[in-house]
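Chemist: Sequence:
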Amino acid sequence: MQQTLFFIPERIGGVPVFGFGVLLAVWAAASLAWMLYALVRYGWRNAETWNHALLLAVLGVVIWQVMPRIAVPGQGLPVRGYGVLLLLGILAGTGLTVWRGRRVGLDGEKVATLCFWGVVCGIIGSRAFYVIQYWPDFQRPTLGQTLGAIVNITQGGIVVYGALIGGLVGFAVYGIKEKMPLLASLDLLAPGMLLGLAIGRVGCFLNGCCFGGACDLPWAVRFPAGSPPYLHQAEHGDLFLQGLRIAGSPEAPPIIAEVEPGSAAAEQGLAPGQRVTSINGLAVETVQAANDALLKTALQVQPVTLSVAGRETPARWSPAPLPGRSLPIHPTQLYSAIDALVLCLFLLAYDPFRRRDGELLAMFLTLYPVTRFLMEQIRTDEAKVWITHLTIGQVFSVGILAMAIALWGFLLTRAPAKAFCPEPVTARQPTPRP
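If you count the sequence shown from 1, position 62 lands on 648 in the numbering used here, and the numbers rise without skipping.
Don't read these hints as lab results, they were simulated from the structure.
It cannot be assumed that every hint is accurate.
No farther apart than 30 Å at their CA atoms in a straight line, the calculated lysine-lysine pairs in the DSBU-like style are these [to be verified]: (1) K765 x K696; (2) K1004 x K763; (3) K882 x K970; (4) K696 x K763; (5) K1004 x K765; (6) K1004 x K696.
Taking the hints into account, I'd like the entire structure generated from these sequences.
Modeler: Shown next as structure tokens:
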């Protein structure tokens, strides 16, 4: 796990880097040069010129307004491992798609623009999905702080299915606008989307999100204190906090599940089965509240005063250090990266054998939901939703698979035809001898 790779300083030689600073000046000079190139090559009425202008404008707004809000005071702008891998995934997926597009005779810049609109809409969709799902985590005292938390995606917080839905909408809108064959274009994009996902999942591993459940396999991973898996295990009573494990559903009554042998809590006579009523004078009624209170005492190095039902005198002891790492867990982020890479290679291998446009997309929408549904079985970062006893990812997997079945039904009623075909390789004729 490596959440932060390094920091870009806030000032260079006393001059601000973000906002109205060095980076915006560099952007202005580079944008002017790029737009002059676009005007000379395409002309001011061409859609490509305006696409470039919009992209540069978005980048300028990010430098001017977004970067100063997500910079850490006194340290600068953190360059997160997750953000770097996300960017590499976008570049790799776009590069693969452009290469495949050129092989079938398409203009590389047009394909790159198609990818750009899909990426922008995909990021918006994935972030919107996550923000809606975890809205209380983004609420801040002011509107500006709330917006800053929403746009700060470098620390994680995007959902693959939100990206898929948003990306497909972006691809479709641009493709229809440019009169590109829709199903053929989506077939062109599908392997690149999976390649980008594979690299992005490595970023999830560096960030610590999308984690799995406890296991004792040789390749199990233990994440450091403060990481998402560590905090999840602490809140659910999987770790010893102050010598105690209070396990169970977060909303269940706080019953001691286990006392660490030889700990100060054991010396105080605490035992499994006792119900905790208060910690340091604060009443606790749920497992989550009790574990949060124990975690707080450990982080703030406070003595513990704990009352249990049926005992008149509270137990008191000095604070114990927190465990250094989480319990070993499945590295589901790496499983997902391997899964996406294998699916990408499978689609590339299947491409020469497809008979109709849309088959690669249908294959993607068939295989990925199945593997994602199974992966969710060993992930523990998301709770079950509604009355389904399924995670939100599993619910969407079922929905996407149903869409794939409908797409297959539509495709199989069509005559075999492909809009894009690889350009034939002309054999070199031998030079006649004089």
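Chemist: If you draw a straight line from the CA of K765 to the CA of K696, is it 30 Å or shorter?
Modeler: holds, 12 Å
Chemist: Would you mind confirming whether the straight-line C-alpha gap from K1004 to K765 stays at or under 30 Å?
Modeler: holds, 16 Å
Chemist: Within a Cα-Cα threshold of 30 Å, do K1004 and K696 meet the stated pairing?
Modeler: holds, 19 Å
Chemist: Can the restraint linking K1004 and K763 be considered satisfied, given a maximum Cα separation of 30 Å?
Modeler: holds, 20 Å
Chemist: K696 and K763 were given as a pair; does the straight-line alpha-carbon distance stay at or below 30 Å?
Modeler: holds, 12 Å
Chemist: Would the hint linking K882 and K970 be met if the CA-CA limit is 30 Å?
Modeler: holds, 27 Å
The earlier numbered hints are all upheld by this structure, with none contradicted.
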